[in-house]
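Could you put the whole structure together from the sequences, leaning on the hints where they help?
So the protein lines, in turn, are chains F and W.
FYI, in this note's numbering the residues of the first sequence are 435 to 542.
FYI, in this note's numbering the residues of the second sequence are 4 to 173.
No lab work stands behind these hints, which were simulated from the structure alone.
We treat Cβ as the ideally placed atom computed from N, Cα and C, and that holds for glycine.
Be aware that a few hints might be false.
Claimed, not checked - With the C-beta cut set under 8 Å, the calculated list includes, among others, these residues of chain W facing chain F: (1) T41; (2) S92; (3) F117.
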Amino acid sequence: MHLALPVVLAALLFGIGVYGVLARRNAVLVLMAVELMLNAVNINLVAFDVWLRDTVHAGQSLTLFVIALAAAEVGIGLAIVLQVYRLRTTVAIDDLDQLAEPPQEAKR
Amino acid sequence: MTAQDVVFALLGVIAIGSALLVVTTRNVVRAALWLVVTFGAVAGCYLVLTAELVAWVQVLIYVGAIVVLLLFGVMLTRAPIGPMNQVDSGNRPVAMLIGSATAATLVTLVLQAFRSAFVHLDRPGTAGVLGAAVFRTWVLPFELLSVLLLAALVGAITLTRPSVGTAGSR
Chain F
435 MHLALPVVLA ALLFGIGVYG VLARRNAVLV LMAVELMLNA VNINLVAFDV
485 WLRDTVHAGQ SLTLFVIALA AAEVGIGLAI VLQVYRLRTT VAIDDLDQLA
535 EPPQEAKR
Chain W
4 MTAQDVVFAL LGVIAIGSAL LVVTTRNVVR AALWLVVTFG AVAGCYLVLT
54 AELVAWVQVL IYVGAIVVLL LFGVMLTRAP IGPMNQVDSG NRPVAMLIGS
104 ATAATLVTLV LQAFRSAFVH LDRPGTAGVL GAAVFRTWVL PFELLSVLLL
154 AALVGAITLT RPSVGTAGSR
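What follows is the structure, encoded as structure tokens:
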């Protein structure tokens with residue numbers, strides 16, 4: 435099998451994930467796009483593990499670790515999102531601007 | 004073009020298509036369900052790449068746990084079940100530009116680097132081989148990861164306790 439197929443698939447999935455993180459307004463949808471990016475990295479790890487014929491399977495072991503990390507990340511992320519919803523009754527990222535700098539005119 | 008190439012390309016098309024639907028659909032619940040299709044196709048890709056254990060772990064953790072957790076998040080934040088307005092923020096054109104630029108750069112780079120590389124899928128990547136690698140070579144990161152999962156669990160419970168955030172109630 436050509437190595438180009440998995441790496442191109444991973445690159446495209448990563449691009450889609452980047453778009454999702456930047457374009458989505460709902461925090462849960464942003465978390466979903468982050469999962470897409472993590473999956474793209476995992477495909478790369480598995481493909482290079484098989485290509486390099488690694489005897490200690492560094493790539494596949496690291497893939498298992500990344501999957502466990504993703505589970506921890508989405509757990510913490512959803513806990514934060516739920517807490518934000520409880521405090522603000524919204525999870526729209528655009529509206530959570532309390533820490534943002536005020537516009538230049540308003541400061542003067 | 005071998006048979007593995009064809010199967011992998013088909014699974015890749017399914018993964019890309021459903022991933023595009025995840026980031027473009029206006030229905031939050033459907034986005035989570037399209038995510039299941041993406042993860043399933045990626046698990047199939049792992050199977051083609053002879054990474055059996057990783058494929059089943061992908062199905063168990065991603066499809067079984069993470070998507071369910073995301074659906075819980077959708078329900079608990081009372082997102083509308085039907086299609087939703089304003090699901091994308093105002094920087095959608097910029098995001099489209101950055102996303103396609105990232106994908107184009109990475110694709111040109113990896114195509115130039117690995118155009119003639121060929122993967123030999125002749126060694127079965129069974130659970131026994133990978134398990135021996137994890138518990139002999141990578142046992143310290145494995146144990147560290149279990150501590151990290153415990154810390155994440157405690158952190159998530161602490162964050163979602165009702166008393167947090169209501170200042171002065173305790």
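Consistency of the hints with the structure:
1. A cut of 8 Å between beta carbons decides the hint on T41/W: the least distance to chain F is about 7 Å, and the hint holds.
2. Satisfaction of the interface hint for S92/W is found here, the shortest Cβ-Cβ separation to chain F being roughly 4 Å, below the 8 Å cut-off.
3. With a cut of 8 Å, the hint placing F117/W at the interface with chain F holds, because the nearest CB-to-CB distance is about 5 Å.
Comparing the model with each earlier hint shows no violations; every hint is respected.
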